[in-house]
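Chain F is fixed; fit chain G onto it per the hints.
Read top to bottom, the protein sequences are chains F and G. Going by the numbering used here, the first residue of the first sequence is number 1, and it counts up by one from there. Going by the numbering used here, the first residue of the second sequence is number 1, and it counts up by one from there.
Do not take every clue at face value.
Heads up, the list lumps identical chains together, so a pair's fine if it works in one copy or across two of them.
Keeping only pairs whose Cα atoms sit at most 25 Å apart, straight-line, the calculated SDA-like set for lysine to any residue is [claimed, not checked]:
| hint | residue 1 | residue 2 |
| --- | --- | --- |
| 1 | 45 | 85 |
| 2 | 207 | 88 |
| 3 | 207 | 181 |
| 4 | 51 | 85 |
| 5 | 51 | 177 |
| 6 | 150 | 12 |
| 7 | 150 | 200 |
No lab work stands behind these hints, which were simulated from the structure alone.
There are 2 protein chains.
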Amino acid sequence: MSDFNVGFVIFPGMTQLDFTGPFEVLSRLGTPPSLSAPSPFPDAKTHVIAKTRLPVMSDRGLGILPSCTFQDCPPLNLICLPGGAGVVDALADDETIDFIRREGERADYVTSVCVGAFLLGAAGLLRGRRATTHWAYVDLLPRVGARHEKARVVRDGNVFTSGGVTSGIDFAFAIVAELAGAEVAKAIQLAIEYDPAPPFDAGHPDKASEAAIALMMSRNETARANLRQALDNRSAPTSG
Amino acid sequence: MSDFNVGFVIFPGMTQLDFTGPFEVLSRLGTPPSLSAPSPFPDAKTHVIAKTRLPVMSDRGLGILPSCTFQDCPPLNLICLPGGAGVVDALADDETIDFIRREGERADYVTSVCVGAFLLGAAGLLRGRRATTHWAYVDLLPRVGARHEKARVVRDGNVFTSGGVTSGIDFAFAIVAELAGAEVAKAIQLAIEYDPAPPFDAGHPDKASEAAIALMMSRNETARANLRQALDNRSAPTSG
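Only chain F is shown next, with the shape it has when bound in the complex (with noise of 0.2 Å):
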């Protein structure tokens, strides 16, 4: 069977987790844990795509090196987009959305985590879906036509959207399971000991101190403000 291309588009600025987690896991199909009969499921290749194939810098500063660029990397069976503050100047990238477009117009999946959805939206790929991103974000899918799903992960058709930063984990366990079925999907899980303990219970809006959760809408306002003002001037997909 042919390879299955896995292609994370990175970008200055963005949040490197929302990447690195589900590459980890999804670079794992790569040699199907098997359990009694083989893996129904081809090889998967995972590719870092960027402009160039210059460094990398996370919006916290970590450096990851691009595996290929926008012009040598092969057609992709599934693009993943990451978040992060860095996702308002890449929305003002044509290069960066038209590749998105074209990419993501004939993959067999479409996806994203955290904010990383609204460069696919940009790309006109979430017309009419239902979709997720981070929390904070939310109000401001249907600026790129799709329509908010409270979960953490959301599939509509072949677009799978999850929502801030640690969400990119059990949307890429959803992945596997889908490609390789559950078997390898555990499979992965047991080796990557994923079985999360966090020592508190406030991830979510609906579990967090009204406190924190306005804390962090302030410290956001101006992102979102970033944000929305670099979708105005995306309004159309077509646009650039």
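Chain G in isolation, oriented as in the chain F frame:
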């Protein structure tokens, strides 16, 4: 207050999520998300440390750019060792083990994720300690003088060790709570929407099928033999 320097030591063949998870959490201490009162915590600076500044490839092919080297990194307040198959080669490298010993002996916190515990151990930092590591390797902990405690995150004095790969995220929140208090930890948890919802409950041997455990142990047979051999080759921390 002076900076609090957090250093992740990376090496070829490390498992990237072992440190990108805690990096995402701990790097957010840099601008403490204080609530009503200012955070008692100083600015944290995160460093990604390697032998040279050349990109370091993970076991699954993700290239990470170090931010400093063993020679030019500042004294560390917290040192963190990720795991991965590359631990075997790192164990044979005196320069790496000497760096871990030097910084580990003066750091306020000595930490590891997954089989990174054996790098701390080879540097003599786990002698007489309760500790943990990836579930498939816990029987090897006595070889570095440690006693296995069954928990996702184990604290013994200033030494925090954690289980396989994804445990690093839970570990990081335990560290944040220790350094800056529960309210800061909860604010970061909300910011990265850490409200895990794995689609399966199979991330620990207690919850996995016998077939999945047997497969994992069989797939890790060579890795376990290599790790045992590397630990035997370096049986005393001053053997290098």
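> Can you tell me if residue 207 and residue 181 fall within 25 Å by alpha carbon in one copy, between copies, both or neither?
Replying inline: Between copies only: 18 Å across chains, 32 Å inside a chain, cut-off 25 Å.
> When no copy is specified for residue 150 and residue 200, does a C-alpha distance of 25 Å or less occur within a copy, between copies, both, or neither?
Replying inline: both (22 Å within a copy, 20 Å between copies)
>> At most 25 Å between alpha carbons: which applies to residue 51 and residue 177, within, between, both or neither?
In response: So residue 51 and residue 177 fail the 25 Å test inside a copy (31 Å) and across (38 Å) alike.
> What label fits residue 45 with residue 85 when the C-alpha limit is 25 Å: within, between, both, or neither?
Replying inline: Cα proximity of residue 45 and residue 85: across copies only (19 Å, versus 27 Å in one copy).
> 25 Å Cα cut-off: does residue 207 pair with residue 88 within a copy, between copies, both or neither?
Replying inline: The answer is neither: 29 Å in one copy and 42 Å across copies each exceed 25 Å.
>> I want to check one pair: residue 51 and residue 85. Are their C-alpha atoms no more than 25 Å apart within a copy, between two copies, both, or neither?
In response: within (18 Å within a copy, 31 Å between copies)
> Checking residue 150 and residue 12: alpha-carbon separation at most 25 Å within a copy, between copies, both or neither?
Replying inline: For residue 150 and residue 12, the Cα distance exceeds 25 Å both inside one copy (29 Å) and across copies (40 Å).
Consistency note: the structure conflicts with the earlier hints numbered 2, 5 and 6.
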